[in-house]
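Asks: So you can see what is in the structure, the chains are spelled out below.
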Amino acid sequence: MTVAAHSVVDPTPRTRRFAGALVIVYAVITMIPLAWIFLTSFKSPDDAISYPPKIIFQPSLEGYCNLFTTRSRQTPDFIQTLGPPQGMCDDIARSRNMVIAGPSNYLPRFVNSLIIAFGSTVLAVALGTLSAYGFSRFRVPLKEDLLFFILSTRMMPPIAVAIPIYLMYRAVGLSDTRLGMILLYTSVNVSLAVWLLKGFIDEIPREYEEAAMIDGYTRFQAFVRVVLPQATTGIAATAIFCLIFAWNEYAFAVLLTSGNAQTSPPFIPIIIGEGGQDWPAVAAGTTLFLVPIVVFTVLLRKHLLRGITFGAVRK
Amino acid sequence: MNELSASSRIAYPAAAAQPRVTHRLRGLSDRALAWLFITPTILLLLAINIFPLIWTIYLSFTNYRANRANVPTRWLGLDWYQSILTDPDIWAAMQVTAHFVIWTVIIETVLGFGLAFLIDKKFRGHGAWTTIILLPMMLSPAVVGNFWTFLYQPQIGLFNYVIGFVFGRAPSSFQMLGDVTLSPWAIVIVDAWMWTPYVMLICLAGLRSIPDYIYEAAEVDRASKLRQFWSITLPMALPFIMLAVLFRGIENFKMFDMVNLLTGGGPGSTTEVASITLKRAAFESWRTGYSSAFAIILFVTVFGLANIYVKALNRVKSR
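Chains V and P supply the protein sequences, listed in that same order. Everything in the first sequence is counted per numbering that gives the first Met the number 0, starting at 0 for the first residue and increasing by one. Everything in the second sequence is counted per numbering that gives the first Met the number 0, starting at 0 for the first residue and increasing by one.
Source of the hints: derived by calculation from the structure; they are not laboratory data. Among the clues, some could well be false.
[Claimed, not checked] Okay, derived cross-link-like pairs now, BS3-like style, lysine-lysine, Cα gap no bigger than 25 Å in a straight line:
(1) P:Lys224 with P:Lys120
(2) V:Lys142 with P:Lys310
(3) P:Lys120 with V:Lys301
(4) P:Lys121 with P:Lys224
(5) V:Lys301 with P:Lys121
Please build the complete structure, drawing on both the sequences and the hints.
Replies: Here it is, written out as structure tokens:
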């Protein structure tokens, strides 16, 4: 046998190409549903439900217009009496014998999603960082039990605790409020935050703080000025995971909110047009909702493994 | 994704080292600081997780109904538990759940491990393709369930069109969501689409944790590639595969959002997984006591299975 330049265990170029081809085939197939939703968001309602499904079509922003507006049907005579159309969406609506009646609820729901996701993320990461440091550095009685307790709160089916939370929130006036949802998502996310951040903080050498404390820092100062800066990457990764969870959450949102604090996931499926679901509008709502997740996934790719296993598998 | 390489390992809480107490007391004592840091988290969890759980346990022993709060509450003891464990509808839901959990875990493990094995061949551009493959698992299950109803439409849906085209049948000749034999598979397909990357990512970490020298030694001993796979690759990746199975099993046992939007449990109750039954009892027929008892049974089941599984996992790992 000739000795190759690379190790004997390296796959041959042919194996590599073959493996690559199979993976690419899988990746392409798995992307089709997402690509289809993206395309559908730019179709007219007729193109969206045409048979056979259309890949080439005249792009239209009607889905996005319908997503952000509510419209009412009018007679052509009435529409004739109106002034010139106010912008593109008005133009599209009039071509279908409709006038724009006002904004839809999509934007407020999207804003709710943003407020609740960011609010709960900030809280969960703040609480999680403190607890993780506590668990990482101090001798805490019953430490393993407490950590397991924190993790086990995550195993409960959401519906199981939704009933008493519903009753509890009703009693204290938190039902259908953003604050209520922020607290709820914080409590779900904090277990993930503690576990992930403990892993990250465990990796910061203890000697750094000890050196700082010998230099005259108190323990708290050492935490703020030495540990926190070292843990920035971990904190950022944890925050993105919390953000994604809160952004995607549906079960609590659909059971505990109805209007005021409703987020996007329970709202998108109930976007309807005349005679059933308005698929281009649903697709547009879905596309806008998914864009932040795609961005975050790309940002997070180095830490995904840790996040999805609660820090059980590292790097 | 080179970060996943060589140093992969599975860490367990028990392995965490006890901290040394090698510092001077200054400012707040460490003990005070530790409690100051940990207490807020524990309090929040007690208020929003444990208190409701205890309340659920209490409600499960009563005839309380959330929509009739004025009716005096009566203590029923274990009546609900007895009626649930003998209710054929509940057992039907558990069977639907078992079908869903078992098939999704099998399909996701086979596909996920296969993909990880291929990606581990490190072909050119594998990092970028891996990120693309990972996308579905980051999406909202509810939104995914919703847009798959569009793909599954019998006449206009892309899924039906493609499958009909491949198998030479009319796209409207089968209904993924309306047919009692197909709908349990419709939810399995969507879950597999969404979560195969998850298993793939964990398996990839497992494969990358196997040091090259073991394969080199096997080559020296002239072990065939197949033999290497069965004697080295699979056993050494097994703890990771089991970890993935554990996480997927627990998550899918609790599955609610995706199925609720895709089928809502229908047609009839052919896709009514346990969480949907629970939601129907709790928030549609408002049988609060009954649904609380079912919730507790589900929680205990998940918790028990997870504990048994973790023990098995530890045994495999320490072998």
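Asks: Is Lys142 of chain V within 25 Å of Lys310 of chain P, Cα to Cα?
Replies: 20 Å, holds
Asks: Does Lys301 of chain V pair with Lys121 of chain P here, judged by a C-alpha cut-off of 25 Å?
Replies: With Cα atoms ~16 Å apart, Lys301 of chain V and Lys121 of chain P stay inside 25 Å; holds.
Asks: Between Lys224 of chain P and Lys120 of chain P, is the straight-line Cα distance small enough, at 25 Å or below?
Replies: 14 Å, holds
Asks: Are Lys121 of chain P and Lys224 of chain P close enough, with their CA atoms no more than 25 Å apart?
Replies: 17 Å, holds
Asks: Check whether the Cα positions of Lys120 of chain P and Lys301 of chain V lie no farther apart than 25 Å.
Replies: 19 Å, holds
Hint check: no violations occur; every hint is consistent with the structure.
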